[in-house]
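J.: Take the sequences, apply the hints, and build the full model.
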Amino acid sequence: MASHHQGGADLLSRIALNDNKAGMEGLDRDKINKIILETSKGSKFYENELKKEQQVNQRIEKMMEQKARITKEQLKQAQAEVDKLTCELERSRELGRVIVHVDMDAFYAAVEMRDCPELKDKPMAVGSMSMLSTSNYHARRFGVRAAMPGFIAKKLCPNLVIVPTNFDKYRAVSAQVREIFSEYDPHFMPMSLDEAYLDITEHLEQRKHWPETMRTYHICDAKTGNDADRSAAESERDELSPVLFEDSPSSSPSLSGADGKAEVFGTSAEEAVREMRFRIEQKTSLTASAGIAPNMMLAKVCSDKNKPNGQYRIPPERQVVMEFMKDLPVRKVSGVGKVTEKMLAALGIVNCDQLSQQMALLSLLFSGTSWHNFLHISLGLGSTCIERDSERKSMSTERTFGEMSDAEEQYSLCRDLCHDLAQDLQREGLKGKTVTLKLKNVKFEVKTRAFTLQYAVCTEEEIFAAAKDLLKVEIDSVSPQPLKLRLMGVRVSGFISAEDKKPLQRSIMGFLQKDGSDSGSFTQCAGSVLKAQEDSDGASFLKPQSTEMKVPSVSDLSNTNSGTDTTSYVNKPAVLKPSFKISTQVLQFLTCPVCNTEMKDVNLTAFNNHIDECLKGSAVDNEPTHLDAPKEQEELNSKPPASSSESRALKSSSHDPSCNEEKPSTSISVPLVETDEDGDFKTPFFSHRTKINGKRSVISKKKMPVCESSCKASLTTTHNLEAVTEMSSDSKGSSLTCPVCSQPQSTDDLALFNRHVDMCLNQEVLLEFRESHPPVGHSDEPALKSVRGQCKNKNNNQQQQQKRIINTLGSSPLPPSKKIKVLSTKHTIDKFFKSNAGQKV
DNA sequence: GCCCTTAATTGGA
DNA sequence: GTGCTCCAATTAAGGGC
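For the first sequence, position 371 (counting from the first letter as 1) is numbered 371 according to UniProt numbering, and the numbering increases by one without interruption.
These are computed hints drawn from the structure, not numbers from a lab.
Where is the CB? At the ideal position from N, CA and C, for every residue including glycine.
There may be inaccurate statements among the hints.
Below, in silico cross-link-like pairs of lysine-lysine (DSBU-like), each with a Cα-Cα straight-line distance of 30 Å or less [what the hints assert, rightly or not]:
| hint | residue 1 | residue 2 |
| --- | --- | --- |
| 1 | Lys155 | Lys52 |
| 2 | Lys51 | Lys72 |
| 3 | Lys62 | Lys52 |
| 4 | Lys31 | Lys332 |
Pairwise CB distance ranges (calculated) [stated by the list, open to error]:
| hint | residue 1 | residue 2 | range |
| --- | --- | --- | --- |
| 5 | Lys62 | Leu37 | 25 to 35 Å |
| 6 | Asp420 | Gln206 | 37 to 47 Å |
| 7 | Thr71 | Gly402 | 37 to 47 Å |
T.: Pasting the structure below:
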């Protein structure tokens, strides 16, 4: 019944104008929707939206059926539960914090208008013909808003000026604004370039005692700003604000007075926030809106209330909070989107009062987490502690393009994406085990396909090895028809945590960095290795690396993934060995990477012997080796077209991040402190505050299964390699006998030989470990099998192998102790425009 | 059949 | 001519016991 209420328009709720935005009240919706509809109709996008809409309608139907089956008894019981929980929540209601949400008004558009006066009185938007990110208030009167494609906006407003994004500029302005934020709350939480939460409780406490002089701000503040910007901005400000925001109250009333040179702000929360907005306007010539409330949920709603260029406060009184919530449409609450809105509307719920009334029903129709969230909302509860985002859980890149049906082209694009993603991952020093491929066909249908590897990856080759297999399955599944794509994306997730990385890395890094210097020394080491090796015996074993290793072919990688040639990328003795060598020159004393004992004045042989002993004793506790190959996909491993792999190989050689002297330093030393490209998190230290209420449910992560954490005996046979390599060096080029398996190796390549020995050693250690540690489950079986297989398998590809070795070296992360937690922000629009800036679809 | 894990999808910002 | 990135929650499916 309710679902028919809106009649035909109901079918179009996804396409129709979303006027849930400041500056869009009282528009002629029907007229605007008609234009949007006419422009969209018949397109593939439209068809897909219709389909999705119908899916939602089906969900609603199901829900209504379920509702019809609910008995009075059930409802009564549900109500009891709701009441009980309500009581508990009420008891723990926290009103003591003063939370502020600040939001710049039409941010990107405002920046562009500030810098280009001709735009001031025109309807304009920032973005492109395919997508807009912001519009000014002028344009909003036409129904033009963010997240609307430019070509539709043009239909709504033919005179609309579309300005391309200037991301650097927004970032710079954002940095200026954040400087001000940090004065009110050093731990403020940026949500995007134009938005942040602050907890000003402490600030207000101090502010009470401040003399007036500390609360006085002058109107001409040329010192802090950019002088050039300033003069222009100053002269424009008086005109700018009225044009932008016709009837809005000014953040600084005395500003308009010609003689007002300074303004004194009070000590209340309102005054502090007004002061903050005043300073933002002085510094950037842009206005901001703010909400002040006892929690984040309310503050966010409040900042929208008097937008633009206004603020609103909910005082910390339960009664007032409840009063405020009563009439609030649920859609205004962050987290309630158009689907939830529609589902609730079907139950007759539009505002929060109704939400509250129907809570028992909701508890029977929605999941626990969902209705708990509804309950929090209806009670006006939210998080009272500003916490920076936690560690990121995934990283991805995706691209939209014109229809692409050629498989070769698709593989090539996939590789490009992997390349970009690898760079991003390495910039942050991340490695993940799950690779996900995302595809959107020309009908706008989205598919994701994931594959979890046995080891964490971060290089282009490793990611592509998995991604291309996923792609192949999809291509084959529609063959002989081609896949007609309009978007492809690659994501890496399942990052190995600091915990998991710890054991080995701490010891090795500790060993390499005994002098206490930071990661730079490791880089230096790596560089020195190359150099020293060339100097000492210009022949060898590193030399081929610098030339050939850069060009692994796709087929090599496909081997990698098929389980025929996969070994640990992580503990690469062949790499560590030379590093050790150099280290002894650089560092005065040595630390055993296994037991952490410091050893002074020992020669390498003695040191190696020590490690040998140590390793025998404590191999179990060390880092996983992931000897196991990724799941077999034999039949999937056919090669992508040669031409594509070749062309890409060339590209990859020219800027592979891991095979030159400079890049490793990027992945080691840059990542964790102040890298953020978006200008975020310049402040490396954040204090932790406990959440009191309104917190999100956190599902505690399970520890690694037994097989993961224990069966990867440390196959860090680094030390033994010393001997092996030396031997190899002596007999370079001739036929070699493996010191482990005693089999002659018909290769004249030292690196390859080293690799063989490496594997043999790994097998030895594993077998030894297995004998002394009866299996807990059978989970370590595959690993064992795989090692055995590897030892027999001799069709290794030396280029790839060497490449991996270097990759390993290049991407070794910092020891955990040196790490500053990486915290992520999600700049949704920001990221989009950054990556989209250079390309036209 | 339950518990756990992974994969895939969805909704939201 | 309708975007990019990330997260949390939900659902589906498969393996182990």
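J.: Please list, smallest to largest, the hint numbers that this structure does not respect.
T.: 2 and 7
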